[in-house]
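In order, the protein sequences belong to chains A and B. Start counting the first sequence at 1; every next residue gets the next number (the working numbering). Start counting the second sequence at 1001; every next residue gets the next number (the working numbering).
Incorrect hints may appear among the rest.
[Said to hold, decoys possible] DSS-like cross-link-like pairs, simulated, lysine-lysine; straight-line CA separation at most 25 angstroms: (1) K22/A <-> K115/A; (2) K1078/B <-> K22/A; (3) K1078/B <-> K49/A; (4) K1044/B <-> K1078/B; (5) K77/A <-> K58/A; (6) K22/A <-> K49/A.
[Said to hold, decoys possible] With the Cβ distance kept under 10 angstroms, some of the chain B side facing chain A (calculated, not the full set): (7) Q1037; (8) V1055; (9) E1068; (10) G1103.
Bear in mind the hints are in silico, worked out from the structure with no lab data behind them. Predicted, not measured: the structure shown is a model, and the values here were computed from it. Backbone N, C-alpha and C fix where the C-beta goes; we use that ideal spot for every residue, glycine too.
Okay, here's what each chain looks like letter by letter:
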Amino acid sequence: AQSVAQPEDQVNVAEGNPLTVKCTYSVSGNPYLFWYVQYPNRGLQFLLKYITGDNLVKGSYGFEAEFNKSQTSFHLKKPSALVSDSALYFCAVRDMGGTGGFKTIFGAGTRLFVKA
Amino acid sequence: EAGVAQSPRYKIIEKRQSVAFWCNPISGHATLYWYQQILGQGPKLLIQFQNNGVVDDSQLPKDRFSAERLKGVDSTLKIQPAKLEDSAVYLCASSLDREAHWGTFGSGTRLTVV
């Protein structure tokens, strides 16, 4: 079965520094990978996806993610963190659901704190 | 475009009571999902609809949870009777169809069972 792991419960970074939020996955076929962000009392917002193509995927708010097939990783990155980036980040993988429908399997989440 | 609408935003009930949540997806989105997000965990899919038919309800506790999408648009999720462990945020999401790779999420309903 597909699964996704986020090894860090929390990541702390100073504003202006680069940030990385880690994600590893396990899939039986080609991976379809996603990153979502969740702000307090808000729903999940889609950041970016990897389906196929370039290993470096660019998304919303200046975020990007690097797909590494050999390491089965899909780490989220940003060159320069902002205080407003502080939120809960979820990595997700697409899985085949019941009668052929797709469903998304989420990791447990990583809380990002960006200090001014 | 308008987002996914959910109501109520918050609900507090006593255990063994019943509760219902409502979701209005983005217009034209055929696929609708209900997720349960327990504090400190990632969202877990409860049920997925394609139009008004159920595609996947393998993780829905059917002894107490039910959901419907009668006209293929709005959906309701019901819990009867509620247990303490049902305290969570219930998220609704929609996508154009089940081939879509990601969904748009609503803000969720935070349920507290006391």
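Take the shortest C-beta to C-beta distance between V1055/B and chain A; is it under 10 angstroms?
holds (3 angstroms)
Does K1044/B pair with K1078/B here, judged by a C-alpha cut-off of 25 angstroms?
With a Cα-Cα distance of about 16 angstroms, the restraint between K1044/B and K1078/B holds, given a limit of 25 angstroms.
Can you confirm whether the C-alpha distance between K77/A and K58/A stays at or below 25 angstroms?
Holds, at roughly 10 angstroms.
Using 10 angstroms as the Cβ threshold, decide whether G1103/B counts as touching chain A.
With a minimum Cβ separation of about 7 angstroms from chain A (threshold 10 angstroms), the hint on G1103/B holds.
Take the C-alpha atoms of K1078/B and K49/A, compute the straight-line distance between them, and say whether it is at most 25 angstroms.
Violated: K1078/B and K49/A sit about 32 angstroms apart, past 25 angstroms.
Starting from K22/A, check that the Cα of K49/A is at most 25 angstroms away, please.
holds (15 angstroms)
Interface hint outcome for E1068/B [beta carbon to chain A under 10 angstroms]:
violated (17 angstroms)
Should the interface hint for Q1037/B be scored as holding, given a Cβ-Cβ cut-off of 10 angstroms against chain A?
Holds, because the Cβ-Cβ distance from Q1037/B to chain A comes to roughly 8 angstroms (cut-off 10 angstroms).
Check whether the Cα positions of K22/A and K115/A lie no farther apart than 25 angstroms.
The hint holds at about 19 angstroms.
For a C-alpha distance cap of 25 angstroms, please report whether K1078/B and K22/A respect it.
violated (36 angstroms)
Hints 2, 3 and 9 from the list above are not met by this structure, while the remaining hints are.
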